[in-house]
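Let the sequences and hints guide you as you build the complete structure.
Residue numbers (this note's numbering), protein chains in the order written: chain V, 1 to 115; chain E, 1 to 550.
By construction, these hints were calculated from the structure, which means they are not laboratory data.
Being a predicted model, the structure only gives us computed values, none of them experimental.
Don't take every hint at face value.
[Said to hold, decoys possible] Residues from chain E shown here face chain V by an in silico Cβ test under 7 Å; the list is partial: (1) Pro157; (2) Arg433; (3) Leu434; (4) Ala436; (5) Asp439; (6) Leu441; (7) Gly442; (8) His463; (9) Gly470; (10) Glu471; (11) Ala474; (12) Leu523; (13) Ala526.
[Unchecked claim] From the derived model, a few chain E residues whose C-beta atoms are all more than 10 Å from chain V: (14) Val156; (15) Val253; (16) Thr289; (17) Asp366; (18) Pro427; (19) Met466; (20) Ile467; (21) Ile477.
C-beta: ideal position from N, C-alpha, C; glycine also.
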Amino acid sequence: MNAQLARLQLRDSGAFVVAEIAGEIDMSNADDLGRTMSGRLTNDSAGLIVDLSAVTYLDSAAIHTIYELRERLTSRALVLRLVVPPDAPTLLALRLTGVPDAVALFDTVAAAEAG
Amino acid sequence: MAGTRPPGTGHVLLGAAGLPSLAAPGDQLRAVYRLSDPALSELPLQRLLDELLDRIREILDVDTTAILLLDPETNELVARAARGIEEEVERGVRIPVGRGFAGRIAAERSAITIPDVDHADVLNPILREVGIRSLLGVPLVMEGRVVGVLHVGSRVPRIFSTADAAILQLAGNRAAPAIEHARLFDALDREHRSAVALQRSLLPDLLPDIAETDVAARYLPARDEVGGDWYDVLELSGGRVGIAIGDVAGHGVRAAATMGQLRTALRAYALEDHPPGEALRLLDALLQTIRGRAMATVAYGVLNPETGDMTIACAGHPPGVIVTASGEARLLETHRGPPLGALPFAQFRETPARLEPGDALALYTDGLIETRDAPLTERLEMLRAAAADAPDTAPDPLCDHLLDALVPSRASEDDVAVVVVRRLAIPNALRLRLPAEPDVLGRVRLSLGRWLRARGAGTEDVHAIMIAVGEACANAIEHAYPPGPASFDLEATLDDTTISVHVRDHGGWREPRGQHRGRGLALMEATMDEVDVRRGDNGSEIAMRRRLRG
Chain V
1 MNAQLARLQL RDSGAFVVAE IAGEIDMSNA DDLGRTMSGR LTNDSAGLIV
51 DLSAVTYLDS AAIHTIYELR ERLTSRALVL RLVVPPDAPT LLALRLTGVP
101 DAVALFDTVA AAEAG
Chain E
1 MAGTRPPGTG HVLLGAAGLP SLAAPGDQLR AVYRLSDPAL SELPLQRLLD
51 ELLDRIREIL DVDTTAILLL DPETNELVAR AARGIEEEVE RGVRIPVGRG
101 FAGRIAAERS AITIPDVDHA DVLNPILREV GIRSLLGVPL VMEGRVVGVL
151 HVGSRVPRIF STADAAILQL AGNRAAPAIE HARLFDALDR EHRSAVALQR
201 SLLPDLLPDI AETDVAARYL PARDEVGGDW YDVLELSGGR VGIAIGDVAG
251 HGVRAAATMG QLRTALRAYA LEDHPPGEAL RLLDALLQTI RGRAMATVAY
301 GVLNPETGDM TIACAGHPPG VIVTASGEAR LLETHRGPPL GALPFAQFRE
351 TPARLEPGDA LALYTDGLIE TRDAPLTERL EMLRAAAADA PDTAPDPLCD
401 HLLDALVPSR ASEDDVAVVV VRRLAIPNAL RLRLPAEPDV LGRVRLSLGR
451 WLRARGAGTE DVHAIMIAVG EACANAIEHA YPPGPASFDL EATLDDTTIS
501 VHVRDHGGWR EPRGQHRGRG LALMEATMDE VDVRRGDNGS EIAMRRRLRG
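Here it is in structure tokens:
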């Protein structure tokens with residue numbers, strides 16, 4: 001009965017998997033989102049671009065998932081890039097937990113693809 | 001045929017509807033006529049059969065009696081009632097027509113007697129197991145059709161006489177119409193009940209618990225038939241509420257099945273965020289593809305409980321009623337498109353509407369306003385007056401009030417559905433008791449965000465407080481409980497320009513584990529001016545304050 005908190009769309013773009021998330025991420029869906037995104041990666045992938053532009057809220061469980069993804073990808077020599085526009089409401093929580101120092105942030109998907 | 005018959009079997013020469021050629025003793029005959037007792041025809045099928053068998057056993061002085069009814073779909077006889085050989089029913093014995101003792105009676109449509117079971121073609125082992133030595137059976141014939149077999153048995157060898165056969169046939173002839181009547185009634189009743197059950201299963205069993213709204217609904221089945229009415233309440237993205245009501249033209253299982261398809265399709269379109277007019281257009285296009293040219297009326301509205309703004313679209317459905325907190329009622333006149341399935345390329349214009357805090361919207365199907373002797377405008381006025389007369393706008397009592405006023409007998413020719421949604425006022429202090437489950441976090445943010453905005457908090461404040469409260473609630477859910485159902489409390493108040501939030505749980509405190517929770521605490525401290533964590537034996541409390549920046 002609950003309205004879906006978040007929607008996830010995965011697509012391939014060159015060697016990258018691009019994950020567009022819209023909605024809210026919290027402890028009720030963060031793990032599942034993380035697992036689904038990393039599950040899409042193959043040995044041929046260069047990495048994962050997570051587009052958070054349409055995310056209106058994320059909590060510490062989401063941030064935990066971002067750190068986990070980074071670890072999992074780095075160990076396989078894959079890159080993780082986040083797309084967070086400068087006016088995104090999620091930027092506050094990301095900054096407060098040090099994410100910009102650990103994961104590369106881009107304003108747009110195109111910029112993330114270009115690296 | 002006679003040549004293939006096994007030894008020990010004899011035909012009694014008697015027409016299916018024949019009368020005894022020998023005069024039966026007077027008391028026997030009187031007893032048989034008792035079988036036509038009108039009271040019997042009022043009994044449900046099983047009791048009728050049991051009663052008949054008892055009487056026959058007494059009249060013919062036999063050890064066993066049994067009735068098998070024809071299942072026309074499989075062309076088998078199914079044991080439905082038995083005396084002295086109850087196993088026959090318990091084991092669900094089925095005898096193909098044409099085979100064995102009972103099967104041949106049905107196939108040949110004539111009485112058969114077996115003086116010596118041991119040497120006869122008897123298919124059913126139970127007859128031998130219970131020690132039956134002799135058998136007599138007759139067909140049950142109704143309007144020229146065999147509907148079953150009635151047989152009696154004796155544990156001592158007995159040669160059933162032509163008179164016995166005649167009496168049994170008479171009993172069978174008397175019984176057949178009553179059995180057929182009861183069976184038909186039973187089948188209809190079963191069909192009705194299963195159709196009602198089907199329809200119930202297609203309606204929501206539990207309405208969603210939606211922040212800042214109250215909802216209730218009622219469904220009354222039609223007296224004799226199954227209808228195609230439905231209602232639905234949906235929790236949409238961003239905390240909006242979808243409310244739908246519909247009525248598929250016609251009755252019966254087919255209408256109910258079409259209703260199920262429409263309800264599901266509307267849910268699917270609604271959850272994809274299609275606005276009401278577009279959702280109805282899609283639903284109309286879908287209905288055009290359903291075989292049998294089904295038609296339906298539907299109203300579908302979307303309410304934003306925070307602002308009270310509503311958008312509604314209507315496909316030939318009667319107007320809803322808005323009941324205000326101050327006790328006024330008015331019909332919600334909308335652009336009315338054609339019923340679904342009526343016209344190609346139908347368009348459904350949306351009508352804006354508004355619910356103030358405490359106002360309720362009632363949608364219903366036409367069964368509610370169905371009184372044959374009054375024109376529609378008068379019936380709608382009756383409904384409006386009944387709504388204005390309601391003691392308040394709480395959805396549950398409002399549903400009951402409308403039904404009491406308009407369908408007082410609770411029995412209607414047509415089925416009736418009513419659904420009511422009320423917009424709640426945002427309270428001065430927010431107090432929520434919530435189940436300690438991760439799924440409630442979205443709901444908390446919805447209610448908290450609305451409450452904060454209503455208290456004048458700006459975007460930045462709302463966002464900061466939402467982060468902190470989310471972490472505090474996640475902490476209560478994740479750490480303070482053993483597995484199993486539990487709850488926690490959230491309280492938010494505004495004092496001058498400072499928001500205070502308390503999150504209390506009722507479990508024993510466990511130290512935050514790992515970096516994950518550590519981040520949670522860091523987030524709370526970074527977004528609030530003060531964070532105070534108190535740990536007690538009966539639970540813990542996180543108290544936080546933030547002065548609004550504007």
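Now the hints, each set against the structure:
Look at Pro157(E): its Cβ only gets to about 70 Å from chain V, farther than 7 Å, so that hint breaks. Taken as an interface hint, Arg433(E) does not check out: its beta carbon lies about 18 Å from the nearest beta carbon of chain V, beyond 7 Å. Interface restraint check: Leu434(E) against chain V, minimum CB-CB distance 13 Å, threshold 7 Å, status violated. Hint on Ala436(E) is violated. Least Cβ distance to chain V is approximately 12 Å, over the 7 Å limit.
Below 7 Å, beta-carbon pairs count as interface contacts, and Asp439(E) has one with chain V at about 5 Å; its hint therefore holds. Because the closest C-beta pair between Leu441(E) and chain V is about 5 Å apart, less than 7 Å, the hint holds. Interface restraint check: Gly442(E) against chain V, minimum CB-CB distance 5 Å, threshold 7 Å, status holds. Of the supplied interface hints, the one on His463(E) holds, with its beta-carbon coming within about 6 Å of a beta-carbon of chain V, less than 7 Å.
The restraint placing Gly470(E) at the interface with chain V holds, with a minimum CB-CB distance near 5 Å, inside the 7 Å limit. Hint status for Glu471(E) relative to chain V: holds, with the closest Cβ pair at about 6 Å, below 7 Å. Given the 7 Å rule on beta carbons, the hint for Ala474(E) holds: about 5 Å separates it from the nearest Cβ of chain V. With 7 Å as the threshold, the beta carbon of Leu523(E) comes within range of chain V, its nearest partner Cβ sitting at about 6 Å, so the hint holds.
A hinted interface residue such as Ala526(E) counts as satisfied when its beta carbon comes closer than 7 Å to some beta carbon of chain V; here the least separation is about 5 Å, so the hint holds. Residue-level check passed: Val156(E) sits 68 Å from the nearest beta carbon of chain V, beyond 10 Å. With 10 Å as the threshold on Cβ separation, the claim that Val253(E) sits away from chain V holds: the shortest Cβ distance comes to roughly 27 Å. Distance check for Thr289(E) against chain V: the nearest CB is about 27 Å away, which clears 10 Å, and the non-interface claim stands.
Once the 10 Å rule is applied to beta carbons, Asp366(E) is consistent with being away from chain V; the minimum gap is 28 Å. The claim that Pro427(E) lies off the interface holds: its Cβ sits roughly 23 Å from the closest Cβ of chain V, which is beyond the 10 Å cut-off. Listed as outside the interface, Met466(E) is inconsistent with that label: its C-beta sits roughly 7 Å from the nearest C-beta of chain V, within the 10 Å cut-off. Separation of Ile467(E) from chain V is inadequate, the least Cβ-Cβ distance of about 6 Å not exceeding the 10 Å criterion.
Interface exclusion of Ile477(E) from chain V breaks down, the closest Cβ pair being 7 Å apart, not more than 10 Å.
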